[in-house]
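2 protein chains.
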Amino acid sequence: MSMINSVVILGAGNLATHLAIALHDAGVNIRQVYSRSVQSASVLANKVNSTPLTEVKNLAGNADLYIFALSDKALQLVLDQMSIPITSVVHTAGSIPMDVFDNYAECYGVFYPLQTFTKNRKLDFSDIPICIESNHIGLQMDLMDLAKRISNSIHLINSEQRKQLHLSAVFTCNFANHMYSIGQSLLAEKDVDFDLLKPLIKETAAKVQDHDPMEAQTGPAIRFDKEIMACHENELKGLPDFQKLYRFVSESIFKMHNEMNSERMKNK
Amino acid sequence: MSMINSVVILGAGNLATHLAIALHDAGVNIRQVYSRSVQSASVLANKVNSTPLTEVKNLAGNADLYIFALSDKALQLVLDQMSIPITSVVHTAGSIPMDVFDNYAECYGVFYPLQTFTKNRKLDFSDIPICIESNHIGLQMDLMDLAKRISNSIHLINSEQRKQLHLSAVFTCNFANHMYSIGQSLLAEKDVDFDLLKPLIKETAAKVQDHDPMEAQTGPAIRFDKEIMACHENELKGLPDFQKLYRFVSESIFKMHNEMNSERMKNK
Chain B
12 MSMINSVVIL GAGNLATHLA IALHDAGVNI RQVYSRSVQS ASVLANKVNS TPLTEVKNLA
72 GNADLYIFAL SDKALQLVLD QMSIPITSVV HTAGSIPMDV FDNYAECYGV FYPLQTFTKN
132 RKLDFSDIPI CIESNHIGLQ MDLMDLAKRI SNSIHLINSE QRKQLHLSAV FTCNFANHMY
192 SIGQSLLAEK DVDFDLLKPL IKETAAKVQD HDPMEAQTGP AIRFDKEIMA CHENELKGLP
252 DFQKLYRFVS ESIFKMHNEM NSERMKNK
Chain X
12 MSMINSVVIL GAGNLATHLA IALHDAGVNI RQVYSRSVQS ASVLANKVNS TPLTEVKNLA
72 GNADLYIFAL SDKALQLVLD QMSIPITSVV HTAGSIPMDV FDNYAECYGV FYPLQTFTKN
132 RKLDFSDIPI CIESNHIGLQ MDLMDLAKRI SNSIHLINSE QRKQLHLSAV FTCNFANHMY
192 SIGQSLLAEK DVDFDLLKPL IKETAAKVQD HDPMEAQTGP AIRFDKEIMA CHENELKGLP
252 DFQKLYRFVS ESIFKMHNEM NSERMKNK
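One line per chain: the protein sequences are B and X, in this order.
Take any residue in the first sequence, note its place counting from 1, add 11, and you have its number in this note's numbering.
Take any residue in the second sequence, note its place counting from 1, add 11, and you have its number in this note's numbering.
By construction, these hints were calculated from the structure, which means they are not laboratory data.
Check each hint, because a few of them may be wrong.
Stated by the list, open to error - Simulated pairs of lysine-lysine, DSSO-like, Cα-Cα distance not exceeding 27 Å:
(1) X/237 - X/248
(2) X/213 - B/209
(3) B/255 - X/174
Claimed, not checked - Covered by chain B, according to a simulated footprint, are these stretches of chain X (three or more residues, beta-carbon under 8 Å):
(4) 34–48
(5) 87–99
(6) 201–211
(7) 242–249
Don't be surprised by glycine CBs; every beta carbon is placed ideally from N, CA and C.
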């Protein structure tokens with residue numbers, strides 16, 4: 012049984028919303044929801060049977076945990092306005108070191124759910140990895156207990172690893188999504204519906220759930236099929252940015268696999 | 012009822028295998044399976060109750076359709092060895108124009124299933140888009156009927172559109188997968204398991220099944236968050252290729268969204 016039974020949520024964006032709902036559904040009491048915007052604070056507070064709050068000075072002083080689910084800039088601003096002493100505090104950010112709380116609280120840590128959150132899109136929290144870090148062993152155990160109430164995937168991750176996770180997430184989520192946007196934009200030029208690519212996108216992501224992505228790699232770049240690559244670059248000649256990107260990513264694929272193959276040769 | 016009830020499959024690679032099995036399961040008679048390798052021809056022939064074949068000269072002359080599911084180079088080699096007159100022939104390639112068959116058959120076309128095929132990985136053919144093209148209206152209708160026996164997603168796509176589909180598939184499948192590989196390689200450096208990224212990869216692909224990828228874009232690049240981007244580039248300083256790629260894809264994201272926003276401003 013977790014020692015954390017009441018929390019204050021600071022933030023009302025996508026992550027704050029999904030997390031607050033998951034905690035509320037798991038029986039955690041959401042004492043207050045803070046946002047600078049009355050509207051945002053109220054909308055989320057209503058969803059989780061909580062009290063909206065727009066002034067940092069009115070923060071309740073006796074919640075078991077304060078969860079900062081704010082943008083990186085807002086986090087510092089709110090911290091600087093805090094006047095009440097709080098014991099246990101975490102943030103939910105991939106890129107902020109844990110010790111941002113050093114001068115503000117005794118026990119602090121990180122509660123980082125690694126997922127992309129979209130408003131009005133239902134997500135099953137149970138398979139979302141939650142990365143935990145704390146300066147205090149008692150809080151760390153409480154955070155793990157709390158995380159277990161909403162997810163089956165709990166990990167102790169230090170600040171350096173978390174930073175790398177965040178960077179990796181930029182590649183695998185933000186950059187992969189940009190590849191989808193480029194595909195859509197290319198198809199639109201020839202009046203082809205983006206729907207045709209959707210099963211491919213889904214299967215590409217499904218494949219690496221149980222295959223190594225290096226082994227799953229296909230396409231002209233990995234076999235360095237110059238003929239097809241030249242043909243593709245030619246098709247992109249009116250779109251110099253996409254053309255440059257095509258060449259550059261292809262080279263990167265070829266290089267990475269060449270290196271893997273020569274490593275294997277060495278080890279034989 | 013399709014007029015195509017017996018087919019010869021030329022090729023025994025991933026696509027040939029998946030397609031032959033889907034057709035066989037739908038009740039189509041797979042007359043012969045051709046491959047240069049006895050082993051490959053036999054393995055696939057066994058799966059679909061067919062006869063393996065390694066010599067083009069022994070091709071049966073009376074199948075309803077000949078399906079060339081060969082690599083781009085092998086296709087031309089096999090065509091040049093054909094001595095029997097065949098009436099109806101298709102290939103399954105994204106990047107080859109239909110008229111490659113011009114001197115070899117009367118009725119020809121393309122039967123292009125748009126998906127990434129992996130050996131030993133079961134795929135549900137029913138949602139795989141099948142792109143049909145033909146020089147002959149009768150064959151085109153027969154191909155559409157045949158396609159309907161294995162899939163619910165049938166599309167008439169001309170050679171130019173198909174070429175663009177193939178190029179778009181390189182971005183959305185091959186390049187997205189490379190982003191997964193980079194993520195994995197970055198995590199390995201800090202001893203973090205790639206498993207942590209899998210729910211994110213899955214959700215990123217799931218999101219664009221019903222959201223526009225441009226609207227789904229998140230991350231530091233779209234808001235041009237210089238602080239985080241500089242921090243990420245710094246983390247990548249020992250990996251100049253990834254660093255260059257990071258900068259370049261980020262710029263591309265920012266540019267594309269800037270253009271979209273200024274288009275919207277104009278239309279207001």
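Evaluation of the provided hints:
no.	hint	verdict
1	X/237 - X/248	16 Å, holds
2	X/213 - B/209	13 Å, holds
3	B/255 - X/174	19 Å, holds
4	34–48	violated (count 0)
5	87–99	violated (count 0)
6	201–211	holds (count 10)
7	242–249	holds (count 4)
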